[in-house]
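Spelled out from the first residue to the last, the chains are:
Protein chains: 2
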Amino acid sequence: MRLSRFFLPILKENPKEAEIVSHRLMLRAGMMRQEAAGIYAWLPLGFRVLKKIEQIVREEQDRAGALELLMPTLQLADLWRESGRYDAYGPEMLRIADRHKRELLYGPTNEEMITEIFRAYVKSYKSLPLNLYHIQWKFRDEQRPRFGVMRGREFLMKDAYSFDIDEAAARRSYNRMFVAYLRTFARMGLKAIPMRAETGPIGGDLSHEFIVLAETGESAVYCDSDVLNLPVPGEDVDYDGDLTPIIKQWTSVYAATEDVHDADRFDREVPAEKKVQTRGIEVGQIFYFGTKYSDAMKAMVAGPDGVDVPIHGGSYGVGVSRLVGAIIEACHDDAGIKWPEAVAPFRVAILNLKQGAEDTDAACEKLYRELSDRGVDVLYDDTDQRAGAKFAAADLIGIPWQILVGPKGLAEGKVELKRRSDGSRENLSPADVLARLAS
Amino acid sequence: MRLSRFFLPILKENPKEAEIVSHRLMLRAGMMRQEAAGIYAWLPLGFRVLKKIEQIVREEQDRAGALELLMPTLQLADLWRESGRYDAYGPEMLRIADRHKRELLYGPTNEEMITEIFRAYVKSYKSLPLNLYHIQWKFRDEQRPRFGVMRGREFLMKDAYSFDIDEAAARRSYNRMFVAYLRTFARMGLKAIPMRAETGPIGGDLSHEFIVLAETGESAVYCDSDVLNLPVPGEDVDYDGDLTPIIKQWTSVYAATEDVHDADRFDREVPAEKKVQTRGIEVGQIFYFGTKYSDAMKAMVAGPDGVDVPIHGGSYGVGVSRLVGAIIEACHDDAGIKWPEAVAPFRVAILNLKQGAEDTDAACEKLYRELSDRGVDVLYDDTDQRAGAKFAAADLIGIPWQILVGPKGLAEGKVELKRRSDGSRENLSPADVLARLAS
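Residue numbers (the UniProt record's numbering), protein chains in the order written: chain P, 1 to 439; chain F, 1 to 439.
Since the hints were derived computationally from the structure, they do not count as laboratory data.
Treat each hint with caution, since some may be false.
Below, computed lysine-lysine pairings styled on DSS-like, alpha-carbon distance capped at 25 Å [to be verified]: (1) F:LYS123 <-> P:LYS12; (2) F:LYS354 <-> P:LYS51; (3) P:LYS248 <-> P:LYS274; (4) P:LYS298 <-> F:LYS354; (5) F:LYS354 <-> F:LYS418; (6) P:LYS126 <-> F:LYS12; (7) F:LYS298 <-> F:LYS366; (8) F:LYS191 <-> P:LYS126; (9) F:LYS354 <-> F:LYS12; (10) F:LYS275 <-> F:LYS354; (11) F:LYS191 <-> F:LYS51; (12) F:LYS51 <-> P:LYS52; (13) F:LYS12 <-> F:LYS418; (14) P:LYS12 <-> F:LYS126; (15) P:LYS354 <-> F:LYS418; (16) P:LYS101 <-> F:LYS101; (17) F:LYS52 <-> P:LYS51; (18) P:LYS52 <-> F:LYS52.
If we take Cβ atoms under 8 Å as the criterion, some of the chain F residues that face chain P in the derived model are [to be verified]: (19) TYR40; (20) TRP42; (21) ARG99; (22) ASP141.
Cβ coordinates follow ideal geometry from the N, Cα and C atoms, glycine included.
In isolation and in its complexed conformation, chain P is listed as follows:
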C-alpha cells in the first residue's frame, strides 16, 4: 500500500478524552473514530489489525474442532424470557421495539439463541460433541463507556458454545477451548495467563479468565513467576487426545486476579523470589455451566439408552475488538505502538527519506514491488513529508520493520533496516533486506 493512497489521519495532539494509553494511541494513529459514546468506526489502519486478530482467533477455533456460523445481532425478547434472563439482565441490555411493536434486543451474548438452534435440529447423543462459534458485534449498554475499545458498547466478540452428553464430555470440550485460548493469545505475541474466575451472570461453577499482563491493566494480578514460562502447546497438539496434563500444568501454578486472590495461599505456596504482583487485562473467559440453559429451554438429546437428557453446555468468549487495545497496552513505548508481527497492520514500512530524488525513488519502488510480489504486507511512505515526520509516523503506528532509504546510504549501496520492538538498526544492501524480510 502506498501511503499517498491510504487513509491514515494521524493526530498531532493528544486527544483530551482518552484516559489510557491504548485509547490515546488508537486515536493518534488514526485507527478509529468515536461515532457515539462507546461506539467506534474502525478506520483502515485499525481495521487491518482487527481483521488479523479475528483471523488468528478463527484459525485456532477451527483447529480445535469448533464450527463457525453467524448469528444475527438482533434477537427476540421472548427467547430471553425462556431462560429468565430478559428481566435479569438489567439496563445493560439494549431493548428495541420494531415497527410492529415486537420486542427485540441487541444481543450482548448468545447462550439462548444457540440453544434454540441446537434444540431445533439435534436429537441424539450421536451428533455430539458439538461446538459452534461465531464472531459478531455485540452491544452492552455500559452506564459509563470509556477507555476506548477496552470498554465500548458495540464490540466484536468471538463466542463459542459447546454441547455434550454429560459432565465428563463437557469438561473435555472445556479443555479443548482452554488449550485453543493458550495458543490464540500466544500467537498474538501476548502472555495471557488463565486464572480461575467467578462465573457471574453466565452461571455455572467452573470458569477461567485469560489475563494479559500489562502494567496499565485494569486489575491487580498475583502469580508465581513459573506461570510466565510454561510452554504453550504447539500446532500439533492433539485435540482428540487427553489434554488434562496441559490443563493441570497451567492450573497448578498460583495465578489469581484480585477478585479471587488468596493472600494466605499466595504467601504459603509461592517462594518470595517467584512472587509476581502486576496488573492485567481480561481478554477471554471460558465457562462450564452444565444444564443451566438446557434445563430452562428444554434442549434434550436421546442418550445411548434412548432416554432424553438435557445437554451439558459451556461458553467461551474472546474480546476481539478489546484485544486491539489490550495488545497496545502490553506493547508500546513513548513513541507509539510496537505491534507484534502477527497482528501488525503492515509488517514492513519503507520510508523514502528524499521523495522525488531519482535514486531513492527508484530504490523504494523496487523494494516495494519485490516485497509486495513476495506477499509481504508493506506500507510505502511515498509522501512528501520530511524525514523526521516519517520516522515519527512509522514509530507511532508501530510497524515492526522499517526500511529507511536515504541518499547517503544508497551512495554506498545500503539502506537501513530498523526493528521497532528494540530500536536496533542495521545497514544492509536492498537484496539482504529482501532476503531477511521475505524468507
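Dock chain F against the given chain P, drawing on the hints supplied.
Relative to chain P, chain F alone:
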C-alpha cells in the same frame, strides 16, 4: 471437513413458509435458520458461502483502489438530522433509545456517517480521490419481510463511498466501481447486467442497477442479447487509465428493468431476433449524487486555488447476503443447488458409498487427505447413511464436484467423478481425480 463432525441439518420436508426456490433450498440445505421475521442465523454451510462472496467483493473493491474500514451498526439520530433524512426515512428505519434516552438508529446505509468521518480529517483536494468502503450488517424494517435473505431485515451489505473534487473526477470514481462490479459478479459465475436506474432516496441523477438474470427474478427485464456476450474486463484492467470505452460499450446496448423500460425505443433499436425479455434480481446499485450530502453536512476541501468547495460524492452498494439467494435463483435444478465453483461452500464432496468397508474407507481417507493437503475445500461424507441419501444430500447442497467411491469401481481401480452443473460422470483412477481437481 468430515461430515460426521460438521453441522448440516438437512430438512426432508419442503418448509411451508418459503415462497421462492432460494428460500426453500437454503432452509432445506441447512444453510440458515430464521430467528425472527427477516432475521436469520447463518448455519455453517450458509456461512461458508456468505464468506466466499464477501471475499470476492472485497478483493475487487481493493483492486479498484477502494480502502476498507468498518463503521458500527448503530448511529446517532442527530447525524441523520444533519442531512434531513432522519424524518424522511420513515418506518423502515429502526429507531432506538439507549439507557440515557439518547436517540440511536440501526444503520440502513452510511452516507451520513462516512461524510462525517471524511469532513473530520480531509481538508485538501490533494487527499483525493478517496473511496472508502465497509462490509457490515444493516437493518431495514420492511413492512413485510419475505423471500428469505432476498428481502430480509438484517442483511449484509458492502457499501463504498467516493469523494472527489469535481464532477469529472467523481465520474471517474463512478466508472471504477462500475468496472469493479462487472468483475465482481462475473467471478461469482453470474451474468449481471448494468441497467440505468432511478436514484430513489439516495438522491442524485446518475445510477445503475446490476441485475442478475434469473427466470424467478423479482422484476421483468428487457435487453438486447448482445449485452449478454460483452467481455468482462480482466484482472489486468488499469483502474488508473481511461475506463470510458468499457462503460460506453456496456451502456450503449439496450438493457432496462420494467421501471424504466421504453417499449418504443426497445422496438426501434433492437432487432427482433435479439430481443430478450426475461426476469432479473438486483444485486448491486451505484449512485453519483454530486454535492447532496457535502452541501448539507459541510464536507468541504480546499481546491488548488485555496478556495473551499463541497466534494462530489457517490455511493456503491452490493447486497452480500442477498447474493446468496440470487445465485441460487440463477443456479439450481429440481435436485437442489448448483453452486458456481467460486462461491461453493465446498468445491469437492467425497461420498463413501459403503462406509465401514475396508477398501472404500481406505480410498476415501487417502483422497480426503491428499485433496486437503493440496488446499482443496473438501467435504467427506463419512456418515453411515445409505448411498441414495448421500447422493441426494450432495446434490441438494450443490457441491460442484462429487467423487463417488464404491466397492465395484474400486475393484477395477476406479472412482466416479460427477460434475453437478451438467450431471456428467467419468470413471477415473483416484490419481487422475486428484490431478483433475488439485491442479
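Subject >> F:ARG99 as chain P interface residue, shortest Cβ-Cβ below 8 Å >> reply: Status holds, d = 5 Å.
Original post:
Hey, F:LYS298 versus F:LYS366, does the alpha-carbon distance stay inside 25 Å?
Top reply: violated, 64 Å
Original post:
Can F:TRP42 be said to touch chain P, with a Cβ gap under 8 Å?
Top reply: holds, 4 Å
**OP:** Mind checking the alpha carbons of F:LYS191 and F:LYS51 for me, to see if they're no more than 25 Å apart?
**Re:** Holds: F:LYS191 and F:LYS51 sit about 20 Å apart, inside 25 Å.
Subject >> Given hint F:LYS418 paired with P:LYS354 - CA-CA distance at most 25 Å >> reply: violated, 60 Å
Original post:
Regarding the pair P:LYS248 and P:LYS274, is the alpha-carbon distance no greater than 25 Å?
Top reply: Distance of about 19 Å is within 25 Å: holds.
**OP:** Below or equal to 25 Å on CA atoms is what counts here, so check P:LYS12 against F:LYS126.
**Re:** holds, 19 Å
Original post:
Quick one, are P:LYS52 and F:LYS52 close enough, alpha carbons at most 25 Å?
Top reply: holds, 18 Å
Original post:
Is the Cα-Cα distance between P:LYS101 and F:LYS101 25 Å or less?
Top reply: holds, 18 Å
Original post:
Can the restraint linking F:LYS354 and F:LYS12 be considered satisfied, given a maximum Cα separation of 25 Å?
Top reply: With a Cα-Cα distance of about 22 Å, the restraint between F:LYS354 and F:LYS12 holds, given a limit of 25 Å.
Original post:
Has the given pair, F:LYS51 with P:LYS52, been kept, meaning a C-alpha gap of at most 25 Å?
Top reply: holds, 16 Å
Subject >> Pair hint F:LYS123 and P:LYS12, alpha-carbon separation not exceeding 25 Å >> reply: Distance of about 15 Å is within 25 Å: holds.
The structure fails to meet hints 2, 4, 7, 8, 10 and 15 from the earlier list, while all remaining hints are met.
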